[in-house]
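Those protein sequence lines, which keep their order, are chains B and A. The opening position of the first sequence corresponds to residue 216 in our numbering, with each subsequent residue numbered one higher. The opening position of the second sequence corresponds to residue 216 in our numbering, with each subsequent residue numbered one higher.
Think of the hints as simulated: they come from the structure by calculation, not from any bench. A hint or two may mislead.
Same chains, same names: a pair is fine if it fits in one copy or spans any two.
[To be verified] In silico EDC-like cross-links for lysine to aspartate or glutamate, where the CA-CA straight-line distance does not exceed 16 Å:
1) Lys305 to Asp330
2) Lys369 to Glu348
3) Lys302 to Asp270
4) Lys302 to Asp292
5) Lys302 to Glu334
6) Lys369 to Asp347
7) Lys302 to Glu361
8) Lys305 to Glu354
9) Lys302 to Asp330
In this text the structure is predicted, and so the values were computed from the model without any measurement.
The lines below spell out each chain.
Number of protein chains: 2
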Amino acid sequence: MHDLGFAQHDHAACVATALSTAEATCAAQKLQLTPTRRRVLEILLEEHRAMGAYDILAVLSSEGIGSQPPVVYRALDFLVSNGFAHKIEKRNAYLACAHPGEDHSPVFLICRACDTVAEATLPMADLRRAADETGFLIETTVIEIEGLCPDCRKAA
Amino acid sequence: MHDLGFAQHDHAACVATALSTAEATCAAQKLQLTPTRRRVLEILLEEHRAMGAYDILAVLSSEGIGSQPPVVYRALDFLVSNGFAHKIEKRNAYLACAHPGEDHSPVFLICRACDTVAEATLPMADLRRAADETGFLIETTVIEIEGLCPDCRKAA
DNA sequence: GAAGATATGTTATAATATATCAACCCAAAA
DNA sequence: TTTTGGGTTGATATATTATAACATATCTTC
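All chains, please: the whole structure from these sequences, using the hints.
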């Protein structure tokens with residue numbers, strides 16, 4: 216496992232880079248990164264945390280973009296289906312993908328104290344081989360690990 | 216990974232054994248396996264599939280045990296907290312534990328076609344060691360893998 | 001410019017889960 | 001014996017998360 220994500224980083228650059236990558240990927244794959252979809256991704260990137268759909272909707276609403284649930288759920292569906300965001304099932308929350316463009320198997324480290332979610336990756340190879348032996352065809356994986364992040368561990 | 220659970224088994228015996236194990240465990244740990252809690256576990260064992268809380272509640276209700284959501288959510292909280300059942304986050308559904316009493320890290324293989332959920336286990340050691348290196352303290356894990364089970368794979 | 005695919009606007013409602021507070025039960029302490 | 005405290009239950013209300021359904025709009029391409 217690598218890139219655990221609890222380190223500091225240049226956030227403005229990280230947002231800009233991720234948006235550019237998303238634009239390029241959409242252009243290449245003929246996906247429509249419409250204003251609402253783009254703005255939802257931007258919100259997730261700016262906040263840099265797992266957000267509930269209604270939290271995102273509140274932001275959209277305050278900006279006059281839309282105020283009904285389908286607006287945000289449709290955008291999230293697009294972002295999740297196309298690998299720009301992930302759903303954190305244990306929190307019913309959404310997070311911008313930290314590895315856009317890479318075909319990866321996400322592992323989420325969720326701090327129960329501060330709710331920070333770091334995205335790591337695991338090599339799929341071992342798991343896939345093991346499942347293949349039993350005849351199960353892996354399509355998607357969600358690996359969520361809850362506990363205490365380094366900071367909260369120190370604080371406690 | 217082992218014990219993938221897509222094989223046939225003696226279901227009546229499996230239910231009886233699991234209930235006995237739960238009773239013994241509760242007695243040993245001074246946990247109260249009250250009638251409602253016991254019946255919810257029994258329902259999950261009998262159905263042998265991931266059930267929604269309201270599906271379970273419908274059964275309880277038909278038996279006059281209780282008809283309000285807190286009845287089933289309290290029982291499920293008890294069963295999940297004490298390792299007798301698991302929540303399948305991707306489905307908002309609950310499943311009797313296939314390995315009661317063993318301290319294990321569950322891995323759920325969910326078939327998107329027939330919704331069967333098999334519970335396997337992974338050795339925690341590797342993951343824990345990797346996380347420890349970064350300072351993250353693992354408390355609980357949810358590993359969910361969605362795809363096609365052997366039967367649905369053949370059918371497709 | 002008509003047809004088909006994709007996206008949006010809007011209303012309504014479904015599905016999942018929890019807060020709150022009173023009542024009850026039982027075991028153990030005073 | 002009474003009291004007290006923890007755990008459990010009953011019951012009402014409400015919060016939170018998510019989707020159905022259908023009309024409208026937009027864009028492409030035939």
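Against the structure, the hints come out as follows:
no., hint, in the structure
1, Lys305 to Asp330, "within (11 Å within a copy, 19 Å between copies)"
2, Lys369 to Glu348, "between (42 Å within a copy, 15 Å between copies)"
3, Lys302 to Asp270, "within (14 Å within a copy, 25 Å between copies)"
4, Lys302 to Asp292, "within (10 Å within a copy, 23 Å between copies)"
5, Lys302 to Glu334, "within (11 Å within a copy, 22 Å between copies)"
6, Lys369 to Asp347, "between (41 Å within a copy, 14 Å between copies)"
7, Lys302 to Glu361, "both (15 Å within a copy, 14 Å between copies)"
8, Lys305 to Glu354, "between (20 Å within a copy, 14 Å between copies)"
9, Lys302 to Asp330, "within (14 Å within a copy, 20 Å between copies)"
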